[in-house]
Amino acid sequence: GQSLEQPSEVTAVEGAIVQINCTYQTSGFYGLSWYQQHDGGAPTFLSYNALDGLEETGRFSSFLSRSDSYGYLLLQELQMKDSASYFCAVRRNSWGKLQFGAGTQVVVTP
Amino acid sequence: NAGVTQTPKFQVLKTGQSMTLQCAQDMNHEYMSWYRQDPGMGLRLIHYSVGAGITDQGEVPNGYNVSRSTTEDFPLRLLSAAPSQTSVYFCASSRPGLQGDTQYFGPGTRLTVL
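Which chain is which? The protein sequence lines are A and B, in order. Residue numbers for the first sequence follow the numbering used here, beginning at 1 and rising by one. Residue numbers for the second sequence follow the numbering used here, beginning at 1001 and rising by one.
Please keep in mind that the hints were generated in silico from the structure rather than gathered at the bench. C-beta atoms are modelled at their ideal positions from N, C-alpha and C, and glycine is treated no differently. Fair warning: there could be bad hints in the mix.
Label pairs and their computed distance ranges (CB to CB) [what the hints assert, rightly or not]: (1) A:Gly53 - B:Arg1077: 18 to 26 Å; (2) A:Asp39 - B:Lys1014: 22 to 30 Å; (3) B:Asn1065 - A:Glu14: 45 to 53 Å; (4) B:Thr1015 - A:Gly58: 43 to 51 Å; (5) B:Gly1053 - A:Asn93: 15 to 23 Å; (6) A:Thr57 - B:Asp1038: 28 to 36 Å; (7) A:Val107 - B:Gly1053: 39 to 47 Å; (8) A:Asp52 - B:Lys1014: 46 to 54 Å.
The following block holds chain B by itself, in its conformation from the complex (with noise of 0.2 Å):
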């Protein structure tokens, strides 16, 4: 199993540009989500799913969307990149009620927003 794969590993925005950061697992898990890192405020939940075609929005949503259209993809899509979204963005997946839904991390995309 490769687990969770993200891509790209490091990319470079200029400001107002869009991108898509990928994310798929191979887990069969249900629950997935998106998380930024910022330095000094741990993990922050931009969005999230709990199964195909069901999304809903974390504690920082706003410039971002994504979709599920298979239980395996995760796509986060930055609409109009700013400065401000310079971060190191994570994927998870999750089965649920293992161990409180225990999250599996893919190794993350760091985004510098010009």
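For reference, chain A alone in the conformation it holds in the complex (with noise of 0.2 Å):
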């Protein structure tokens, strides 16, 4: 079947590092993508990754390793405003057509 799992819920205080670990199985995949959610708003673009290794976006990377159908998404120097759910997608054709996680839900404390 097709499917992406990712943790439901991370918990983390200010200031540390989080990793968001995200295994797929899918048909066709052409890359891995990462999108951030504020409750009640829209998901918004973070990282992409087409081929192994790591891609790092100022306190943010995602890695992928192709071989093992895994990828995860790194967050540095937690801030409160990163309290938000994180949601994996891979990209299963040249067009961009997506398929979600289930997202990851971030709690950030103090």
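Take each chain as given, in its own frame, and dock them per the hints.
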């Protein structure tokens, strides 16, 4: 079957580092994206990995291993504003058809 | 640029009613999509379009119709609303090849079917 697995919730304190893992099993794989969504808001794009390795964008980094069907999003120097849901999404075809995971709620505490 | 706009923001329907959710984008993006988001289930693709006049089904197309007569607009029609269609609906647009076809989402329409 087709599935993306990610933890449902992660809690951490301000200033800490959080890693959100995503394992996938899909037909068709062009790349892995990450989106952030605050409560009541729309998802916003964070990062995209088409090839194996690490992509860094400020405090956020994303990693992909195609051979392991695995990726992760690393959030460093956590801030209160990082409290949100984070979704991994597999790009399944050349036009950008996305399949989303169920999301990980990150709770940042003082 | 307004980006992706959706109307209405909130809607309550009775079972069996029909309605159209509006979506427009002013970024000249070729690709547009409709997703629904239910608690604990992430976003699921309903229908998508790769250009004016071209649409196709996503994961959960039943009960919904779309058309794309212009690059800017991509309305979603609920034919006969059912309580199972209570959800938050997001429209998104993207440009081919831009960072893996990054999706730009509208603010969403919160639909309740009684």
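These are the hints, each one checked on the structure:
| no. | hint | in the structure |
| --- | --- | --- |
| 1 | A:Gly53 - B:Arg1077: 18 to 26 Å | violated (43 Å) |
| 2 | A:Asp39 - B:Lys1014: 22 to 30 Å | holds (28 Å) |
| 3 | B:Asn1065 - A:Glu14: 45 to 53 Å | holds (47 Å) |
| 4 | B:Thr1015 - A:Gly58: 43 to 51 Å | holds (47 Å) |
| 5 | B:Gly1053 - A:Asn93: 15 to 23 Å | holds (19 Å) |
| 6 | A:Thr57 - B:Asp1038: 28 to 36 Å | holds (29 Å) |
| 7 | A:Val107 - B:Gly1053: 39 to 47 Å | holds (45 Å) |
| 8 | A:Asp52 - B:Lys1014: 46 to 54 Å | holds (51 Å) |
The earlier numbered hint that this structure contradicts is number 1, and it is the only one.
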